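K.L.:
Chain residues, written in single-letter form:
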Amino acid sequence: MSLLRPDLDIISEWIAPNSRVLDLGCGDGTLLDSLQRQRNVDGYGLEIDPDNIEACIKKGVNVIQSDLDAGLSDYFNDESFDYVVMTQTLQAMNYPSRLLKEMLRVGKEGIVTFPNFGHWKSRLQIAIGGHMPVSRSLPNEWFNTPNIHLCTLNDFETLCERLDIVILERQVVDVSHRNRFIMNLWPNLLGEIAIYRFKCGVTI
Amino acid sequence: MANPLPSDSVGVVIPDTLQFDEPLTLDCGRTLNSYELIYETYGTLNEARSNAILICHALSGDHHAAGYHSIEDRKPGWWESAIGPGKPIDTNRFFVVSLNNLGGCKGSTGPNTINPATNKQWGPDFPIVTVRDWVESQARLSDRLNIDRWCAIIGGSLGGMQVMQWAIDYPERIDHAVIIASAPNLTAQNIGFNEVVRQALRTDPNFHDGHYYEHETVPSGGMKIARMLGHITYLSDDAMRAKFGRELREERIQYGYDVDFQVESYLRYQGESFVNKFDANTYLLMTKSLDYFDPADKHGGNLSEALKGVTSKFLVISFTSDWRFSPERSREIVKALVDNDKTVSYAEIEANHGHDAFLIPIPRYLEIFDAYMKRVADKIEEIDA
Chain U
2 MSLLRPDLDI ISEWIAPNSR VLDLGCGDGT LLDSLQRQRN VDGYGLEIDP DNIEACIKKG
62 VNVIQSDLDA GLSDYFNDES FDYVVMTQTL QAMNYPSRLL KEMLRVGKEG IVTFPNFGHW
122 KSRLQIAIGG HMPVSRSLPN EWFNTPNIHL CTLNDFETLC ERLDIVILER QVVDVSHRNR
182 FIMNLWPNLL GEIAIYRFKC GVTI
Chain F
12 MANPLPSDSV GVVIPDTLQF DEPLTLDCGR TLNSYELIYE TYGTLNEARS NAILICHALS
72 GDHHAAGYHS IEDRKPGWWE SAIGPGKPID TNRFFVVSLN NLGGCKGSTG PNTINPATNK
132 QWGPDFPIVT VRDWVESQAR LSDRLNIDRW CAIIGGSLGG MQVMQWAIDY PERIDHAVII
192 ASAPNLTAQN IGFNEVVRQA LRTDPNFHDG HYYEHETVPS GGMKIARMLG HITYLSDDAM
252 RAKFGRELRE ERIQYGYDVD FQVESYLRYQ GESFVNKFDA NTYLLMTKSL DYFDPADKHG
312 GNLSEALKGV TSKFLVISFT SDWRFSPERS REIVKALVDN DKTVSYAEIE ANHGHDAFLI
372 PIPRYLEIFD AYMKRVADKI EEIDA
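Protein chains in written order, with this note's numbering: chain U, 2 to 205; chain F, 12 to 396.
Keep in mind the hints are simulated off the structure, nothing from the lab.
These numbers were taken from a predicted model, which means no experiment stands behind them.
Note that the Cβ used here is the ideal one computed from N, Cα and C, for glycine as well.
There's no promise every hint is true.
Claimed, not checked - Below, computed lysine-lysine pairings styled on BS3-like, alpha-carbon distance capped at 25 Å:
1. F:Lys86 / F:Lys353
2. F:Lys353 / U:Lys60
3. F:Lys299 / U:Lys59
4. U:Lys109 / F:Lys353
5. F:Lys385 / F:Lys353
What the hints assert, rightly or not - So these bits of chain U aren't anywhere near chain F, every CB distance computed over 12 Å:
6. Lys60
7. Pro140
8. Glu142
9. Trp143
10. Thr146
11. Glu158
12. Leu164
13. Phe182
14. Asn185
15. Cys201
Whenever a hint applies, use it, and build me the whole structure from the sequences.
P.N.:
Quick look at the structure:
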């Protein structure tokens with residue numbers, strides 16, 4: 002994919018220039034590459050797939066081969082990044098809640114994107130079709146999907162509350178276009194991809 | 012007639028030697044008043060002198076990293092897989108310098124060369140040189156070759172330690188540090204293996220406290236054992252299993268102490284062929300140099316502190332089955348660099364070859380190495396143009 006994905010576009014806008022970014026599951030380095038060029042951001046990407054490692058190196062993106070499920074403590078000290086970003090990866094993690102906490106240990110703010118399982122097409126496919134949803138944002142079948150922890154916007158927000166995470170910003174988009182006004186009315190029904198920016202809640 | 016040399020080889024190379032007369036004070040406190048370094052070069056230095064790469068060798072390596080010494084040579088240099096036209100260290104684009112380190116036995120001043128003070132071979136009187144001493148001598152070699160700044164310094168294992176030391180000691184002289192299958196220091200287990208090597212050499216009756224040259228002999232038994240042990244630990248359990256399994260040399264077991272299994276035969280062969288290729292005193296020295304390397308030591312064991320001042324960009328590579336220089340150890344280097352917000356990429360290559368993997372043309376490894384080096388070359392050529 003050569004064009005910046007719509008979710009990456011929005012994230013780029015959220016990230017302040019000259020900040021330090023950690024991208025978890027950075028893929029071929031597209032986001033970091035564009036952040037480096039456009040926002041003078043520096044940072045690292047973590048990635049497990051060797052093809053992606055090579056792609057990042059070709060782009061000149063700092064990439065560290067590692068397994069996110071093994072945690073971030075091998076490399077990163079507390080609050081060493083302005084943002085920890087994780088795009089389209091949360092739902093494929095063994096321990097999403099643990100990783101969310103890790104994100105906010107290492108970064109001042111976290112940004113995640115994930116496919117919204119509450120999108121009306123998913124709901125219809127289960128309710129009417131009686132089968133696991135297959136869609137543009139969830140292209141795999143149930144037996145070969147890497148997405149083992151799918152959730153809806155509501156689910157995610159409930160988890161945030163439980164983990165004392167404060168949501169700073171939320172956007173929903175569809176896979177081909179940007180945000181449409183109507184999506185904001187019923188985001189959990191109409192948003193295909195959810196994008197959140199969040200930070201640690203202040204504990205009293 | 013000999014076969015033509017492969018087209019992706021640098022071809023026939025002739026080593027050069029430089030004499031250094033400025034005394035070099037070593038970490039051990041002793042001084043080498045003069046010394047020689049033997050080296051080879053591949054490729055062409057550009058006009059801006061900005062495309063030079065220094066190769067640092069590992070324990071049993073030498074200056075002959077690529078190409079052939081004559082067209083009759085059966086075997087190329089030790090890193091033929093990575094150095095040559097179109098290879099990761101592309102000699103069409105880079106100028107490559109590879110030397111034999113001080114204390115080596117392949118032409119640079121070391122235990123098997125003549126000590127001018129006594130007119131006899133140095134033998135065990137040759138001072139132990141450290142990684143830092145090597146870097147110092149390599150910096151002087153750089154001066155003599157008129158190379159102010161290396162676009163990359165590259166090494167595996169003990170060679171990677173030299174690269175790290177370069178980045179620490181001469182940040183202004185290195186653009187890219189490529190550290191492969193290395194570690195920030197040796198573990199107790201590794202020092203232990205080295206000590207077994209040393210004991211094997213030193214207790215050989217032909218060792219004569221290191222004066223075996225005068226007795227016109229070599230501690231061949233010790234050398235064999237040392238090399239066999241080395242070989243086992245540089246391979247992985249999986250690799251040995253795949254290569255030999257429990258295959259017998261004869262049809263059935265012999266109920267004796269001669270070779271039964273193929274693995275025994277292989278190790279004996281490797282051990283024997285090493286005896287005349289390497290020098291026991293150099294072997295001892297190299298193991299000590301490995302043991303002593305610990306740049307964090309000066310900083311209370313804090314590697315991040317030790318790497319604070321580095322300015323080069325880093326590529327760190329490890330191999331999954333390498334248990335002598337395990338991925339965990341490479342990660343320590345990466346972490347220390349990340350702590351300091353340095354530019355670093357890290358790849359952990361899936362390979363079952365053990366520590367030896369860094370010398371083996373594993374496609375994924377060479378692809379990543381190549382991708383990195385291409386960027387280095389592109390940048391140089393961009394500035395040049």
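K.L.:
Run every hint past the structure and note whether it holds.
P.N.:
To see whether the hints hold, each was checked on the structure:
no. : hint                : result
1   : F:Lys86 / F:Lys353  : violated, 39 Å
2   : F:Lys353 / U:Lys60  : holds, 17 Å
3   : F:Lys299 / U:Lys59  : violated, 38 Å
4   : U:Lys109 / F:Lys353 : holds, 20 Å
5   : F:Lys385 / F:Lys353 : holds, 20 Å
6   : Lys60               : violated, 9 Å
7   : Pro140              : holds, 26 Å
8   : Glu142              : holds, 27 Å
9   : Trp143              : holds, 28 Å
10  : Thr146              : holds, 23 Å
11  : Glu158              : holds, 32 Å
12  : Leu164              : holds, 25 Å
13  : Phe182              : holds, 41 Å
14  : Asn185              : holds, 38 Å
15  : Cys201              : holds, 22 Å
When each numbered hint is compared with the structure, violations occur for hints 1, 3 and 6.
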